[in-house]
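J.: Below are the chains, spelled out letter by letter.
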Amino acid sequence: VKKKTPQASANNSILQAQKLVDQLQIEACMERFKISLTAADLVRYCQGHRRSDPLITGISSSSNPFKDKKTCVLL
Amino acid sequence: MSQDPLEGCRISAGKKSAVSLGKALHPPNLLVVVEGTCGACVAASPVSAPEGSCSYNVAHHHLCVCVRVCMAWQGLQKGETLASLKQESENLRRKLEEERGKLTDVELHQVAEKVETVAALSIKTRRVLKGHGNKVLSMDWCKDKRRLVSSSQDGKVIVWDAFTLNKEHGITLPCTWVMACAYAPSGCAVACGGLDNKCSVVPLSLDRNENVTAKKKSVAMHTNYVSGCSFTNSDMQLLTSSGDGTCALWDVESGQLLQSFHGHTADVLSLDLAPSETGNTFVSGGCDMKANVWDMRSGQNIQSFDNHQSDINCVKYYPSGDAFASASDDATCRFYDLRADREVAVYQKDSIIFGASSVDFSLSGRLLFAGYNDYTINVWDVLKGTRVSVLFGHENRVSRVRVSPDGTALCSASWDNTLRVSRT
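Chains as they are written, first to last, in full-length UniProt numbering: chain A, 1 to 75; chain B, 1 to 424.
Don't read these hints as lab results, they were simulated from the structure.
Computed from a predicted model, the values in this text were never measured in an experiment.
Mixed in with the good hints, there may be bad ones.
Claimed, not checked - What the simulated footprint calls covered on chain B by chain A, stretch by stretch (three residues with Cβ under 8 Å from a Cβ of chain A suffice, anywhere in the stretch; the number is not a length):
1) 101-109
2) 210-220
3) 246-260
4) 299-310
5) 358-369
6) 400-410
Claimed, not checked - Derived CB-CB ranges, DEER-like:
7) Gly58/A to Lys86/B: 54 to 60 Å
8) Leu15/A to Phe392/B: 49 to 55 Å
9) Phe392/B to Gly58/A: 37 to 43 Å
10) Asn224/B to Gln16/A: 54 to 60 Å
11) Cys188/B to Lys19/A: 25 to 31 Å
12) Arg100/B to Gln47/A: 23 to 29 Å
13) Lys34/A to Asn280/B: 36 to 42 Å
14) Asn233/B to Arg51/A: 23 to 29 Å
15) Glu31/A to Leu257/B: 29 to 35 Å
16) Asp350/B to Ser36/A: 44 to 50 Å
17) Glu31/A to Glu90/B: 21 to 27 Å
18) Lys34/A to Glu90/B: 39 to 45 Å
19) Ser52/A to Cys175/B: 36 to 42 Å
20) Glu31/A to Gly299/B: 19 to 25 Å
Don't be surprised by glycine CBs; every beta carbon is placed ideally from N, CA and C.
Just chain B, same shape as in the assembly (with noise of 0.2 Å):
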């Protein structure tokens, strides 16, 4: 079709407009979505065309409408249909999965039956943190192994010492569900967000008596909530995945955005920076049930995992950056290869039957611990996928899990307001 169906409709260019239609519209092959309400009904009921149909009767309604055709009609004029541009991507996914299914030449597993398993773990509870009024949220450890930053439902960040158990600072934010807190590199800031939209960072200072709540400085600003924070390696940037879908890059002293990450088609619930030495990449994690590896400097999404039933909480990388863990509400945790590109392990069991929140490697990979909304921590080996260990002691949801810098301990943070801080 060389004439353009809705000649005599005024249509800007991927704007929307009032146009009026008052005849029914039977173009072939023309995907238009057609929203808006009836001028002559009072009520509102919207008028949509199902993606992929072409026609729609409009004959009994003068209808003011929004006519979204531009993208559509400029793809068509291509010669490209939706159709062909589905069987396209399914070819290419099919292609992908014969290019994974030929490197699986062995398991995982199978590599490391020769390797000796764990002697059982005696790990205890030794601190208790208490102090926050409600769920905490989620928690890093600072880089001296001693200082930790918690994050609350109720509205306040704290930031411990986890051998006294001294409250160094107390930090207000204004709204409440604070979902993100991080430690800087450097020991002197923190980083925290949530309900606020926003990713603030705080200065703290040697001097008890300054309000450090009065130096706080909005970074990051979402469309929707931020689920997670991380500083790369320099406390000058930062990084956030937010519930508006993407994940970000900010200049902290700018508040300057450098770089978006745009990919997942829901809400991004976690992120994790590779460690140094492998480069500039991080991996994200959501409710589109994909975990997605970025690189920093394009922005663009080089690998893609989409073994998961249901949203992904939390990921995390191996120590050696060559694979990384995730936790989900499908109360599996997996790993993924990332030089072979797919994932080589699932931690599970019938028994487990809650979705997992948080994971975290010890420091030689060889133990994945994860959180769980059951209120336990499982301890999974790694390399031979088996379960090593149970821990138990929180009274709710554990929310997040995090090794010390030094492997030393797990610091575990619940729905039952406390941080436990366990050693062997």
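In isolation and in its complexed conformation, chain A is listed as follows (with noise of 0.2 Å):
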């Protein structure tokens, strides 16, 4: 289903290249950190979550409604 829409009409270039060099100088001024500040405080909030993490520590039988139920036995 999916399909690429043909690229606007070489008569608009100037207008899509003069949208570009916008766009461009709008991404330069952005405040950009380094790796090694933004990588630590992403694996910091991986390993403060970790154990409110389900599928990482698990979740015993009696607390999961997925488990299969056992069948009971009327005595």
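Using the hints, put the two chains back together into the complex; each one sits in its own frame.
T.: Written as structure tokens, this is what we have:
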């Protein structure tokens, strides 16, 4: 289903080029930080939330609503 | 050249008009695209000047053409040429790469060296949701952590209780390929859309006998298929992505377009809203291989990443909102740090050659679940860049993976007509 829409026709090329320059100028003004700092934050977030991540720590069967219920036998 | 070289031709600013050109035009530095068919020949053969060229020979034909000159002409009168603009954009790009490069003092996996490895996952399929008559294209969890909505090529949208496998609602759309669906934050409605070029909101009724399809309300209108949709932090606004190359923000009640987002140069295939604490931004990815970050209020594209080598099928924010991941037809998933403004990890393996269709993070952001066209789900260690696990089970492409809101389960939708809910 995915199809590519054709690029705007060549007569808009100057307008497109101007827009691109404007866009790049906006991006150039952004304040960026060193990866050593930002990566440390990402790691800290993971570690900080580790205990509350059920897919990492696993959950006990008793609190797992998806675990198959055992059959019960009427005595 | 002070004289308008097309003087004598009837041209109105910005509009197409029929012009008759009986002579050859050789205007230097004039960029004109002349398109049309020759009035003398019966066969339609478009005549167009290649971009950047300045002359074309029309001596042999009488052309009735649409001359779209004005934008190019105005640009030239300002003294800019296409060439100088292209040069400037090249310079800016180079400068951006330099700036980004200066900040790469370390790699993510190096920072993560001291972090202990993830224990082997024992995730198993606990539920298989059967009911769709054709490929399941999308799904979304409800905030109540047990309901989910799914949409399919069969034109149906189903709301399920994932614990009991009960189908609570069934909505029939007049089109096939319902590519997008989303649960409203309140849990009281769902949004869906696809080949109908629309995104509709359907309020869910507690009354089982009520026909929910009848209450369907069109909200978003695009000029091509709707590929993705998401409510913002309330039921009142809807964000959509489309094959028409744009994203748009809509008011659900009135259907009014609140903001549109232009910048992609091909179909937009996916969008994801930043976690509410981080602010009003969202990320989109598409067939132009770019992932763009947008300011929702201004419509401005604030960051752009073009690392992928093929269509980006899915984008998803890291839980803290400071990063996001993408899945692409180039068989890789990538991780981008928004504050460093660059890609910081590529999740790939030589043995993985099929495109990745969907990604989602576990609650802590440590694990990245990625669905692929080879029917598998690979689980990646986000920090170390290694693969932790592979999940099998689907019998056709995995189209969407979503971790439940409480992080306890993973739901995967597939072209095998089923959805699977997996847990430890």
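J.: Each hint should be assessed against the structure and marked as holding or not.
T.: Hints, verified against the model:
1. Counting residues of the stretch 101-109 of chain B whose beta carbon lies closer than 8 Å to any beta carbon of chain A gives 6, which reaches the threshold of three, so the coverage claim holds.
2. Using a Cβ-Cβ cut-off of 8 Å, 0 residues of the stretch 210-220 of chain B lie near chain A, which falls short of the minimum of three, so the contact claim is violated.
3. Counting residues of the stretch 246-260 of chain B whose beta-carbon sits less than 8 Å from any beta-carbon of chain A gives 0, not enough to reach three: the coverage restraint is violated.
4. Here the stretch 299-310 of chain B counts 5 residues with a CB under 8 Å from a CB of chain A, which clears the bar of 3, and the coverage holds.
5. Check on the stretch 358-369 of chain B: 6 of its residues sit with their Cβ under 8 Å from a Cβ of chain A, so the three-residue criterion for coverage holds.
6. Counting residues of the stretch 400-410 of chain B whose C-beta sits closer than 8 Å to any C-beta of chain A gives 6, which meets the bar of three, so the coverage hint holds.
7. Take Gly58/A and Lys86/B: their Cβ atoms lie about 55 Å apart, and the range 54 to 60 Å holds.
8. In this structure, Leu15/A and Phe392/B meet the distance hint of 49 to 55 Å, their C-beta atoms being roughly 50 Å apart.
9. Hint check: Phe392/B to Gly58/A, Cβ distance near 20 Å, so the stated range 37 to 43 Å is violated.
10. For the hinted restraint 54 to 60 Å between Asn224/B and Gln16/A, the CB-CB distance of approximately 19 Å leaves it violated.
11. Our hint of 25 to 31 Å for Cys188/B and Lys19/A is violated, since their Cβ atoms are close to 41 Å apart.
12. Between Arg100/B and Gln47/A the CB atoms are about 26 Å apart, so this pair conforms to the stated range of 23 to 29 Å.
13. At roughly 26 Å, the beta carbons of Lys34/A and Asn280/B sit outside the given window of 36 to 42 Å.
14. The supplied range of 23 to 29 Å is met by Asn233/B and Arg51/A, whose beta-carbon atoms lie about 26 Å from each other.
15. The supplied range of 29 to 35 Å is met by Glu31/A and Leu257/B, whose beta-carbon atoms lie about 31 Å from each other.
16. Taking 44 to 50 Å as the suggested C-beta distance range, the pair Asp350/B and Ser36/A does not conform, at roughly 30 Å.
17. Between Glu31/A and Glu90/B the C-beta distance comes to about 23 Å, which sits within the given range of 21 to 27 Å.
18. Remark: the range hint 39 to 45 Å for Lys34/A to Glu90/B is contradicted by a beta-carbon distance near 26 Å.
19. Against the hinted window of 36 to 42 Å, the Cβ-Cβ separation of Ser52/A and Cys175/B comes to about 41 Å, which satisfies the hint.
20. As the Cβ distance of Glu31/A to Gly299/B is approximately 21 Å, the hint placing it in 19 to 25 Å holds.
Checked against the numbered hints listed earlier, the structure breaks hints 2, 3, 9, 10, 11, 13, 16 and 18; every other hint is satisfied.
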